[in-house]
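Colleague: Starting from the known structure of chain A, fit chains B, C and D onto it as the hints suggest.
Protein chains: 4
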Amino acid sequence: MTAGWFDYPVRVQPHHTDYAGIVWHGTYVAWMEEARVEYLRSHHVNFADWVAAGIDLPVVDLSLRYRQSLQLGEVGLVRAKVEPIKGIRIVWQFDIQQQETGTTCVLGTVTLAPVDRQTRKVLRRLPPEIQEILQALASDL
Amino acid sequence: MTAGWFDYPVRVQPHHTDYAGIVWHGTYVAWMEEARVEYLRSHHVNFADWVAAGIDLPVVDLSLRYRQSLQLGEVGLVRAKVEPIKGIRIVWQFDIQQQETGTTCVLGTVTLAPVDRQTRKVLRRLPPEIQEILQALASDL
Amino acid sequence: MTAGWFDYPVRVQPHHTDYAGIVWHGTYVAWMEEARVEYLRSHHVNFADWVAAGIDLPVVDLSLRYRQSLQLGEVGLVRAKVEPIKGIRIVWQFDIQQQETGTTCVLGTVTLAPVDRQTRKVLRRLPPEIQEILQALASDL
Amino acid sequence: MTAGWFDYPVRVQPHHTDYAGIVWHGTYVAWMEEARVEYLRSHHVNFADWVAAGIDLPVVDLSLRYRQSLQLGEVGLVRAKVEPIKGIRIVWQFDIQQQETGTTCVLGTVTLAPVDRQTRKVLRRLPPEIQEILQALASDL
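Chains as they are written, first to last, in this note's numbering: chain A, 35 to 175; chain B, 35 to 175; chain C, 35 to 175; chain D, 35 to 175.
Isolated chain A, as found in the complex:
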C-alpha cells in the first residue's frame, strides 16, 4: 500500500467478462463499491450497521475513464482514496490497476451523500461518527 490508498484486489472471474473476453465496463462500478465497503471495514466500520441505523450513502455522481482492459484470470487492484471532507459530500478517487504490471486500467471518481433511509432525503450534515471515520480515512497515511 502507498500512503493514503487502500488496496482491494479482485480476481477477474468469468461472470465479470463480456463477449470481448475482457471485463465488462459496468463491472468496475461493483468493484469500486466493494472497495469502499472494505476500506470502511479495515477501519472497523460495518457499512451494514449504518444501513440498519437508518442512514444510507447513495452515489450521487460517478465518472470512469477506461484506459486499458483487464482479462479473464488477471487480478485488478482497486486502489481507493477519500478526499478531505468538506460539507456532506464524500468524494472517492479510484485507480484500478492490473496488479502484476501496475498499469492503470481505469480511473474513477465517485461522490456519495448521506440520506435518511426512510425518506431518501439528504441529511443536513454527516452523522458525527461517519464524519470522524471519513476524516481518519482521508488522512490515512
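FYI, nobody ran anything at the bench for these hints, they're computed from the structure. Hints may be right or wrong, so weigh each one.
Claimed, not checked - Pulled a few chain B residues facing chain A out of the computed Cβ check, cut under 10 Å: (1) THR51; (2) TYR53; (3) GLY55.
We treat Cβ as the ideally placed atom computed from N, Cα and C, and that holds for glycine.
Modeller: Chains B, C and D in isolation, oriented as in the chain A frame:
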C-alpha cells in the same frame, strides 16, 4: 403464444454475455424472474404491490438444464407456465428458446413460497388474491 | 419521442434493485448500453454484426449524475442522443426519467471509441458505414 | 476446511442484495462459479489457460435449494466439492453457509461438460490434464 404459456422475449445484450461470446449461464435466472413478473402484470398484477403489502415470494428451488447457447444480438424467447397450485408452493416451468429457430436452449423449473417480508417466515397459506391469480394463470388457455 | 432523442423504456425488475429498495446505481450502465444497441437497431444496424466483422466499440469514458431513485415496478425511460461526430469518438447523452412523471432521475454521458477486436487497438478512423449511421443518428429529428 | 471441501468466503456487498435486503437468488450462481475457479487455482490451475487453449467448461445442469437468506455485511462461506469423475461430466456439490453460525443457507449442484471453444461441440473425452486435476480434487482430503 401456445395455450398455457406466457411468452417473454429478451434481446441478448452485451452485458448478458461472457468471454465465450454467449449468454452467461447465470443471466437466465434474471430473465426467468422478469418473465414471472411480466406474466403477473399481463394479468393486471403488479408484483411491487405485493411487496408493498408485506408479502414476498422468494425462490426456494431452482433448476436449469442448458442445451444450447444464445449469442449476442439473438432474441431469447422465455416461455413461462405455472403448474396447478397445491399447498403454498408455486411451481413455474420455463422453456427458453432461440426465437428465430424455435430451438429450446434452456429448460428451467423455479419454485416460490410466500413469506412475510418482516419476519421472512413462510406463510401458512397463500393470500386469497394471490391464490386466485395463480389459479387463473395455471388454467390460462 | 422528442426530436433527436431515442426512447428506450425499461421496467424495474427485482434483480435491478438493492437493499435500499431502489435501482442499484450500477444497473443504469447496463440500461444505457441496451439503449445504444436498440437505437442502432432502430436504424437497421445490428451491433453484433460489427462485432462479427472484427470491430468493437468499447466505452472509454462514462459519467453519471444521480438525482432521484427509481423503485421496483416503475418504468425508467432511457432517453439517448448521439452528439455530432468529430474524429473517432462517439459521444452519447442520456436522460433517464421516471416514465410516469417525466422526472429526470439520472443524467449520463458515455463516450465510445472504435477498436480492432483482435488487437484492441484504437482505429485511426471510424469505418465508413459506422460513421454514416452515427451521423444519421446525430441528425435524427 | 473439512476433508474434501474447498472453502471460499464471500462478503455480502450492496450489489449482491435486492429490494428484500437479502442476497438476490441469482447471485449465488456467480459465487459458485468463483469457488470453482478458485478451487482449481488452489491446485495450480488457471482456468483462463484452458480457455486460451481452446477448451471451455460450460454449465449443463444447475440446481439450487434455498433454505435461508444471507444479509448485507454477512459472510457467505461457499463450500465446494467435486464428485468422482465418470465419463466427461464434472459434478460439483455446493453448501453455502452463513460463516459465523455455520447454518446452511443454499445447497447447489452444478454439472459441467468440456466443449471445443470454436465449435461449442462437446468433447468425446476430458483432456488428460483436466481429468488428472479433477481426480485430484475429487480425492482431496
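Colleague: So, for every hint listed, does it hold in this structure?
Modeller: Hint check results:
no.: 1; hint: THR51; in the structure: holds (4 Å)
no.: 2; hint: TYR53; in the structure: holds (4 Å)
no.: 3; hint: GLY55; in the structure: holds (5 Å)
Violation of the numbered hints given earlier is absent; every hint is satisfied by the structure.
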